[in-house]
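Take these sequences, add in the hints, and give me the full structure.
Residue numbers (my numbering), protein chains in the order written: chain A, 8 to 482; chain B, 8 to 482.
Derived from the structure by calculation, the hints contain no laboratory data.
Careful: at least some of the hints might be erroneous.
[Stated by the list, open to error] Simulated coverage check for chain B against chain A, where a stretch passes if three residues somewhere in it have a Cβ under 8 Å from a Cβ of chain A:
1) 18-31
2) 38-52
3) 68-79
4) 144-154
5) 182-196
6) 214-220
7) 321-331
[Unchecked claim] From the structure, some residues in chain A lie toward chain B, with a derived Cβ separation under 8 Å:
8) Ala50
9) Val61
10) Lys65
11) Arg141
No residue lacks a Cβ here, since even glycine has one placed at the ideal position from N, Cα and C.
Read off the chains here:
Number of protein chains: 2
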Amino acid sequence: MDISLNKQSSQPLYIQLFEQLKELIQQGVLPEDYKLPTIRELAKDLEVNNVTVVNAYKLLEDHKLIYKKIGSGTYVLPIEEKLSISGIISDEEEQREYDYNEEEGYIDFATASPDPRLFPMTDFKKAINDVIERDGGNAFMYHDSRGYLPLRSSIADYLSERTIEVGAEDVYIISGAQQGIDIIAKALLTNGDYVFVESPTYTGAVNVFKSRGARIVEIPLQNDGPDMKELEKLLLLIKPKFMYTMPNFQNPTGCSYSERKKKHLMLLCKKYKLLVVEDDYSGDLSYVERPAIPLKAYDKTDSVIYIKSFSKIFMPGLRVAFLIIPEHIKKMIASAKYMTDISTSGFMQRVLDLYLNRNILDEHIKYMKREYGVRYFEAVRAVKKYLRGALFNQPNGGLNLWIRLPEGVGSSKLYEYCRKNKVLITPGTVFLKGQDGEQFIRISFSGVDVPDITKGIAIIGNAMEELKKSSRLEF
Amino acid sequence: MDISLNKQSSQPLYIQLFEQLKELIQQGVLPEDYKLPTIRELAKDLEVNNVTVVNAYKLLEDHKLIYKKIGSGTYVLPIEEKLSISGIISDEEEQREYDYNEEEGYIDFATASPDPRLFPMTDFKKAINDVIERDGGNAFMYHDSRGYLPLRSSIADYLSERTIEVGAEDVYIISGAQQGIDIIAKALLTNGDYVFVESPTYTGAVNVFKSRGARIVEIPLQNDGPDMKELEKLLLLIKPKFMYTMPNFQNPTGCSYSERKKKHLMLLCKKYKLLVVEDDYSGDLSYVERPAIPLKAYDKTDSVIYIKSFSKIFMPGLRVAFLIIPEHIKKMIASAKYMTDISTSGFMQRVLDLYLNRNILDEHIKYMKREYGVRYFEAVRAVKKYLRGALFNQPNGGLNLWIRLPEGVGSSKLYEYCRKNKVLITPGTVFLKGQDGEQFIRISFSGVDVPDITKGIAIIGNAMEELKKSSRLEF
Chain A
8 MDISLNKQSS
18 QPLYIQLFEQ
28 LKELIQQGVL
38 PEDYKLPTIR
48 ELAKDLEVNN
58 VTVVNAYKLL
68 EDHKLIYKKI
78 GSGTYVLPIE
88 EKLSISGIIS
98 DEEEQREYDY
108 NEEEGYIDFA
118 TASPDPRLFP
128 MTDFKKAIND
138 VIERDGGNAF
148 MYHDSRGYLP
158 LRSSIADYLS
168 ERTIEVGAED
178 VYIISGAQQG
188 IDIIAKALLT
198 NGDYVFVESP
208 TYTGAVNVFK
218 SRGARIVEIP
228 LQNDGPDMKE
238 LEKLLLLIKP
248 KFMYTMPNFQ
258 NPTGCSYSER
268 KKKHLMLLCK
278 KYKLLVVEDD
288 YSGDLSYVER
298 PAIPLKAYDK
308 TDSVIYIKSF
318 SKIFMPGLRV
328 AFLIIPEHIK
338 KMIASAKYMT
348 DISTSGFMQR
358 VLDLYLNRNI
368 LDEHIKYMKR
378 EYGVRYFEAV
388 RAVKKYLRGA
398 LFNQPNGGLN
408 LWIRLPEGVG
418 SSKLYEYCRK
428 NKVLITPGTV
438 FLKGQDGEQF
448 IRISFSGVDV
458 PDITKGIAII
468 GNAMEELKKS
478 SRLEF
Chain B
8 MDISLNKQSS
18 QPLYIQLFEQ
28 LKELIQQGVL
38 PEDYKLPTIR
48 ELAKDLEVNN
58 VTVVNAYKLL
68 EDHKLIYKKI
78 GSGTYVLPIE
88 EKLSISGIIS
98 DEEEQREYDY
108 NEEEGYIDFA
118 TASPDPRLFP
128 MTDFKKAIND
138 VIERDGGNAF
148 MYHDSRGYLP
158 LRSSIADYLS
168 ERTIEVGAED
178 VYIISGAQQG
188 IDIIAKALLT
198 NGDYVFVESP
208 TYTGAVNVFK
218 SRGARIVEIP
228 LQNDGPDMKE
238 LEKLLLLIKP
248 KFMYTMPNFQ
258 NPTGCSYSER
268 KKKHLMLLCK
278 KYKLLVVEDD
288 YSGDLSYVER
298 PAIPLKAYDK
308 TDSVIYIKSF
318 SKIFMPGLRV
328 AFLIIPEHIK
338 KMIASAKYMT
348 DISTSGFMQR
358 VLDLYLNRNI
368 LDEHIKYMKR
378 EYGVRYFEAV
388 RAVKKYLRGA
398 LFNQPNGGLN
408 LWIRLPEGVG
418 SSKLYEYCRK
428 NKVLITPGTV
438 FLKGQDGEQF
448 IRISFSGVDV
458 PDITKGIAII
468 GNAMEELKKS
478 SRLEF
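Right under this line is the structure:
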């Protein structure tokens, strides 16, 4: 069979394999009732994990292209049966979980993704079925563009237990935090407007602001938050439409604003009528006793637009997040949301609402904090042990470590070295221009399990030593 | 109890009632173990349907705020029990379906929404559970921004059976057609660009183009498509970024381009390097034997961006649609999609994929066509019978009738008259400026069942007669 898989592709291997087998079947290259290779044979042949082939075969079965005979093997399904077959024979191997890391053989510190094995699928499945039972087809109708009111109301209750006092009318549901950024840009920015951002910051936000023609002004970050002197100096010169911030466990630096700086920023909001966007993408994930207090909790002048995603603490696939909107921009935000996608999936909103009301979200967050906490402390330990000469602040929360490399080690080269050794990291050049970016790497530990954290960081350490050696040779 | 419901609000009554009761319970106005009025008492008191109260009580139960004692009544749940209660006692009334129309007492010809009672909930529930069984937590991870490849592949297969020849790599998954419009605008439009649109057209699209600073040029629609002479005259003067069209069962007019005009438009695409956006929001819904052929099927020069939604033929709540993208703009579209919401719900994509592969979507479309067909023919019959002096073309498909009113009847006044009589229509002024808009109304029949179509259109007829009389009196 003529199959070639690209291990560098963003497309998982099992999907590439599925695609190519499908093509071969549909073109008749693999005829009806043709016996496919066994899982082990094909995996060996293609130099992939067994699970890659298992998952590809599973998809082909669901697509009614192949069938299994127990104790015999897997065959191409004759066309006339493709419409009538219904049950799918399962075998032991099918029970194994997907695992992209294992599958592709990479240890991935580059993606700040949660680990799907930690998702609460049993509870979630129950909630999904309960909503279908309760609401029937109405769960799949168009919904109020601002969100499903019972969910907005539940979120307001949820927040009031967490030092943020708002009403349901202040909460707008969106399809993920990225959409929140997009909607805010759409509502507030026109060509030539200024936007202040932290430096370094999340590039996915900056790209959105630039796409609306905004001019970006970078405010340097210190260990305890933005450089306030620099910020006030710039506020005297420029009136930005807003400042985009991540006050807790910032991405990529992991740094959190001190209470003093949070309060100071609120004073500047009042003094300069500054609007601040707070992207709270991982504030729940504190691994020490003291919780992280959102900037919004200090907001007495209705100056903070608060964006909260459930992607990191729950599941990215929900595509449900929310905004808290200051009164004077509600209309603009509502109209921008409508233009963007009319409304967020009402079904997922109803499921999340049930989830919040059964108090299982809090339980789940506790569980995620425990799991990620173990990973965090192992990552810190391993960086101290293996990355000699590297410097970093311990964020005590969030999903990333931001590491200053020792002299003579550039992040672009380190990235290449690590990649060759099947470890993915994010070079600082993604976040900072030129030489500044070469000094840093970001390590996201949330999607990697503990043994791989140790192993992966040891590999980064080796790569650093190699680079140090070769840089000495160059001189 | 101090409850006031607003029947004019876009918020369903049961949700308003839920909100207010929740407030009263949380403030302690209704104390623990307080016995709530029976469903009938409260419904009578508030002058709403029983089902409104049933649904509000149902939500309160799910929110752990009230409980039922069989044979006794409904009570406010004591706080300490709010966390521990698990099962929800159901009663007969709870089995009844929600029904917004019935609930609010309006016959709604204003919203081109499908009827939730027609949704295939049993099949869909099975598909949802099958995906969770098969894919577990991976279904809720981030997905490829362009879409889940097996679904893109299934859609390509689906289209090739429908005269559109594309590959999986040409299909991009989006979160609803509105998002498609937004992404296209984001990828292609900058301040001052020209966009051609049909006149009249879908205002939700025009607003998006304007928000990107585009200048809108209207091309008049005739019964068989755009005024081609006018279009070519304008193309000689102006180079638009694209032309936004609905070539089949256009919204609001219901008109379809003739085959001749479809081919002519394709020639203009070649001659003027014109890019056309085809919004195929209801092309599947032909009520006569001949199916509607998409413009994209005539596209030999890769000049058509095709947007296809499943909202009208399946369920709006899916929030899954797709684009077919010409090669030269793929990168721009992919980056705009990423900026917009990273990716569409992978879970819903996987469910839809299963749905397509089990061949149940086609079965469902046939069913929807039959159901909507009956409504369409009844609407046509009733308009002919009751709206004397009104003129309209029979679209033979889609969701709307576009009706020219007789002299002396203006659409704004007719809208007000009908509204007072609990019938909602869309006045032409929503789509056309000034006096032109006063000549038309749009009747969307898809969300109304047959007896209400007859009754509702008779009421519109009466309102027209009243208006004719009073206009004669004015002269």
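Tested hints:
no., hint, verdict
1, 18-31, "holds (count 5)"
2, 38-52, "violated (count 0)"
3, 68-79, "holds (count 3)"
4, 144-154, "holds (count 8)"
5, 182-196, "holds (count 6)"
6, 214-220, "holds (count 4)"
7, 321-331, "holds (count 5)"
8, Ala50, "violated, 19 Å"
9, Val61, "violated, 12 Å"
10, Lys65, "holds, 7 Å"
11, Arg141, "holds, 7 Å"
Checked against the numbered hints listed earlier, the structure breaks hints 2, 8 and 9; every other hint is satisfied.
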